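S.K.: Spelled out from the first residue to the last, the chains are:
There are 2 protein chains.
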Amino acid sequence: MQTSPVATTVDPSAGSQGVPDKVEFRNAMARLGAAVNIITTDGPGGRAGFTASAVCSVSDEPPSLLVCLNRSASVYETFKRNGVLCVNVLGAGHQAISSLFGGKTAMDERFASASWSSGPSGSPILQDASVSFDCRLSQITEVGTHDVLICEVISLSTGEQAQSLIYFNRQYHEL
Amino acid sequence: MQTSPVATTVDPSAGSQGVPDKVEFRNAMARLGAAVNIITTDGPGGRAGFTASAVCSVSDEPPSLLVCLNRSASVYETFKRNGVLCVNVLGAGHQAISSLFGGKTAMDERFASASWSSGPSGSPILQDASVSFDCRLSQITEVGTHDVLICEVISLSTGEQAQSLIYFNRQYHEL
Chain A
8 MQTSPVATTV
18 DPSAGSQGVP
28 DKVEFRNAMA
38 RLGAAVNIIT
48 TDGPGGRAGF
58 TASAVCSVSD
68 EPPSLLVCLN
78 RSASVYETFK
88 RNGVLCVNVL
98 GAGHQAISSL
108 FGGKTAMDER
118 FASASWSSGP
128 SGSPILQDAS
138 VSFDCRLSQI
148 TEVGTHDVLI
158 CEVISLSTGE
168 QAQSLIYFNR
178 QYHEL
Chain B
8 MQTSPVATTV
18 DPSAGSQGVP
28 DKVEFRNAMA
38 RLGAAVNIIT
48 TDGPGGRAGF
58 TASAVCSVSD
68 EPPSLLVCLN
78 RSASVYETFK
88 RNGVLCVNVL
98 GAGHQAISSL
108 FGGKTAMDER
118 FASASWSSGP
128 SGSPILQDAS
138 VSFDCRLSQI
148 TEVGTHDVLI
158 CEVISLSTGE
168 QAQSLIYFNR
178 QYHEL
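These protein sequence lines map, in sequence, to chains A and B. To convert, count from 1 in the first sequence and add 7; that's my numbering. To convert, count from 1 in the second sequence and add 7; that's my numbering.
Note that these hints are calculated values from the structure, not bench results. Since the structure is predicted, the reported quantities are computational estimates derived from the model, not experimental observations. Please note that a few of the clues may not be correct.
Copies of the same chain look alike in the list, so a pair counts if it works inside one copy or between any two.
Claimed, not checked - Listed below are the simulated SDA-like cross-link pairs for lysine to any residue, each with C-alpha atoms no more than 20 Å apart in a straight line: (1) K111 x S81; (2) K29 x P69; (3) K29 x E68; (4) K29 x N77; (5) K29 x S145; (6) K87 x S125; (7) K87 x Q168; (8) K111 x R177.
Let's have the full structure, built from the sequences with the hints guiding it.
M.R.: Written out as structure tokens, the structure reads:
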């Protein structure tokens, strides 16, 4: 699920015997901690970026990871058209940029808030990310409202900072 | 990537301009923190379980998550045959059971180390998990050495403990 961190309370008694409804599912998913990332792209479809925690490693042969993206997201067509993206893993002190890219701020304003370079794919690389994976989109799997974007890593860059920004229980945590 | 946490050092200068090799990719992926989970199944193929951090939420309509599993893993055929699984999200104090299910210990011995119940799918539910998602396998996408198992949640149960066990930088962290 694309994550736009929103501060609400988790009902600890949530649970169900049947198929959970959206609220029950989201409350339960709040208990699955995850790293926060800014996913960027640039190309014929334009430049775009969003905050996501639904990102994980898939295979190291070929080096691949995946990103889940809501097909109704405003950035969806841009990513699909460009066919490339960069996963910028956030670290300590990145709460503000995470919120900015998870909200409704215009793209130019989002990108103006930080320094970027660009990798072989042309996608923006966040200069002080913990690590950035420059990727080409290799496969798409539709699941309900979302697409699972399978991405092959074509280059990576590792930053100076080795801390991690984790989103868990609807709050940021630094590790 | 199925995670069997192994303690090695991360080279902070790792990085590459071309496609990263396995070691570079794994070192970089160590910077992507993730929740630790025990994935279980039971059914005609037998009972099995393994530790995984490559798990993420996909869609809340229908409520779905995904789990990445190496096709060469010893438990692979069991999961595929049963077509059901439970994602047990670990919390504080679960380091030992995480290592047990991430190692080479026999299945009976793994399951003997904790208390379990079972959900509608028949898959084992870890009694003191932070939250457990009982699922049926709805779709499989092959990516390199791994399968991405798309799972529809048929029931969930929320535990008493609301802490999280995160694996980051090849170490456990409690949140």
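S.K.: Are the hints correct? Go through all of them and say.
M.R.: To see whether the hints hold, each was checked on the structure:
1. K111 x S81: within (10 Å within a copy, 46 Å between copies)
2. K29 x P69: between (35 Å within a copy, 8 Å between copies)
3. K29 x E68: The answer is between: 7 Å across copies meets 20 Å, while 35 Å in one copy does not.
4. K29 x N77: Classified as within; 15 Å inside a copy, 30 Å across copies.
5. K29 x S145: Only across copies: K29 and S145 sit 18 Å apart there, 30 Å inside one copy, limit 20 Å.
6. K87 x S125: This pair counts as within: shortest intra-copy Cα distance 19 Å, inter-copy 41 Å.
7. K87 x Q168: This pair counts as neither: shortest intra-copy Cα distance 31 Å, inter-copy 40 Å.
8. K111 x R177: within (19 Å within a copy, 35 Å between copies)
In summary, the one numbered hint that this structure violates is 7.
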